[in-house]
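With the hints as a guide, dock the two chains, each given alone in a separate frame, to form the complex.
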Amino acid sequence: MSVKAILGTKVGMTQIFTEDGNVVPVTVISAGPCTIIRKGENSVQVGYREIRPEAVKRLLNKPMRMSFEKSGVKPFRFVRSLPADELESIEALTDINVSMFKEGDSVSVTGTSKGKGFSGAMERHHFNGQNTTHGQSDRARATGSMGTGTNMSRTLKGKKLPGQFGNVRRTVKGLKVVKVDEQKNLILVRGSIPGAANGLVIIRQQA
Amino acid sequence: MNPVIESVERNYQKNKQDFPNFFPGDTVRLEIKVREGEKERLQAFEGVVIARRHNGLRENFTVRKISYGVGVERTFMFHSPSIAAITLLRSGKVARGKLYYLRDRVGKKTRVKDKIYSKDKA
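Here the protein sequences come in this chain order: A and B.
All residue numbers in the first sequence are consecutive under numbering that gives the first Met the number 0, ending with 206.
All residue numbers in the second sequence are consecutive under numbering that gives the first Met the number 0, ending with 121.
The following block holds chain B by itself, in its conformation from the complex (with noise of 0.2 Å):
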């Protein structure tokens, strides 16, 4: 990419190291910004991360959970200012990149497994 194009898009992005590493099956329960009128308040999000997609200032991310028995995605920009907060609830042992294949799935089916660390590891 263009160094000129590169150095304006850094002022944009967020330092990651204020975020948690999240990947594909992990849960996360998100702090959004939402203006009403004046006054800001913050929204829970969470569910689990089906893709994510890195490109650079544009990486962004999708979020499915199970609402009232419909299921709701919602697509992030990871370096949008409206994210105030990422928190990792779970990570998943997943077998893919994009989990797309949770849409289809209902009831029990749609769980992740947890995924498990080996005692010396963690």
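The following block holds chain A by itself, in its conformation from the complex (with noise of 0.2 Å):
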């Protein structure tokens, strides 16, 4: 049985110590059980987070309801495609939790990032901007010069501009777990992952 990734949500950051009284900062993540809904190549389909029966009718609509019924699985509000291996030795229908990933293992995790909106070039690109002063009057926080005169006589393609920021999937690698707790299905990784509290994350397991 090797599913080799599991689906959580994001609870937020904290520290906690070490034995020997050194602070370490992590990030709470609650993650599965997961229910493994079907079969793929070398991957497998799970389910995270079920939808109570009164809220399936409004959540889903009736071919997403059917596809359940048919695989026999409760409805659930996230099915994502994980990766695995050893696909004999996995049974579908049986559930997946945090006891994949034990302390010390390396891990990452994809989410989607806080969205910031339409944003400056200073905020995006973290460009300096210009004067304030030397007789300048409304280019404090300008972008600047949009590349070459004649010569090339056109902007560059991805020349860093003012525009939506965040709100992509972005995945961090090489985070550590620092504990696991399988009672709670909680993992604490150390340091942040992307997203706010109550994402949608995917916790992979590192060669």
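Note that these hints are calculated values from the structure, not bench results.
All C-beta atoms, glycine included, are put in the ideal place defined by N, C-alpha and C.
Label pairs and their in silico Cβ distance ranges:
#1 Ser107(A) - Arg52(B): 29 to 39 Å
#2 Asn60(A) - Pro80(B): 50 to 60 Å
#3 Asn1(B) - Arg51(A): 18 to 28 Å
#4 Arg52(B) - Lys172(A): 31 to 41 Å
#5 Glu102(A) - Asn59(B): 22 to 32 Å
#6 His133(A) - Arg110(B): 48 to 58 Å
#7 Thr86(B) - Arg203(A): 43 to 53 Å
#8 Ser107(A) - Asn1(B): 19 to 29 Å
#9 Lys92(B) - Asp180(A): 39 to 49 Å
#10 Thr86(B) - Asp180(A): 29 to 39 Å
#11 Ala94(B) - Thr17(A): 30 to 40 Å
#12 Asn60(A) - Arg52(B): 46 to 56 Å
#13 Asn1(B) - Lys172(A): 20 to 30 Å
Mimicking SDA-like on lysine to any residue, the simulated pairs with C-alpha atoms at most 25 Å apart in a straight line are:
#14 Lys175(A) - Arg57(B)
#15 Lys183(A) - Met12(A)
#16 Lys175(A) - His78(B)
#17 Lys32(B) - Ile15(A)
#18 Lys178(A) - Arg9(B)
#19 Lys15(B) - Ile15(A)
#20 Lys3(A) - Lys101(A)
#21 Lys15(B) - Gln14(A)
#22 Lys38(B) - Asn21(A)
Coverage of chain B stretches by chain A, computed from C-beta distances (three or more under 8 Å per stretch; other residues unrestricted):
#23 2 to 8
#24 71 to 80
The structure is reproduced here in structure tokens:
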């Protein structure tokens, strides 16, 4: 049985002590249990966070409801494909939980970063802006030059400009698992992870 | 605070009943675990508490002492496992919660008045 990832919800950050008195910053993730709905070639489809029976009609359209019914599982809020190997040993309709991780493991965490809306170049790309003095009136937070003059006669693709910042899928690699609580379905990971509290995250094992 | 985070932090919190209740102005003696290679020993730090912050697991306090004529301050995490013991030596009578003014004082002025409890209270 080896599904190599799990779905979870970011709870928030705190800090904890190690035995020798050091303080470790950790993110608390409530992960799993996830139900395996079906098996793919080298992945499994899992469902996470059951929908209460009275809310099913409101949250799912009929095709989705029927799809869950056909697979013989309860309806879930999130259905995702997760990497897995040794598929012969995996059974559909069983649950996976945080026990696949242990202290000291390296994991990568994928989430949706906090949306910051349409942001200027200073916030989005850490530009420095220009002077407020020397006769300037409206240039303090301006983007600046668009590129060369006659020589190029165009702005290069990929030029860093203002625009939508955040609210994109991001992965943080190489995070260390500090603690696993199987009873409470919690994983404590050292450092920060993308997104706001209550956001969906995917935690993957790293080789 | 989020109840899940609170439950995580509770596992690392010390029982306050195990330590004396001390306030800014009090003189305390701490036993701190120090690692030297493989061996672990206890080091004492004695001084006046000049600040105490209450913030759950992050509760901390600052102890100031004069060592060989030099003012030394250390801030400790109350719930840190490296604090083995806290002994309350003297209770001081002070008028504020943060005694940062002691940093500007030299000699006799650095003393904090003892708290005198009336007989019927004590």
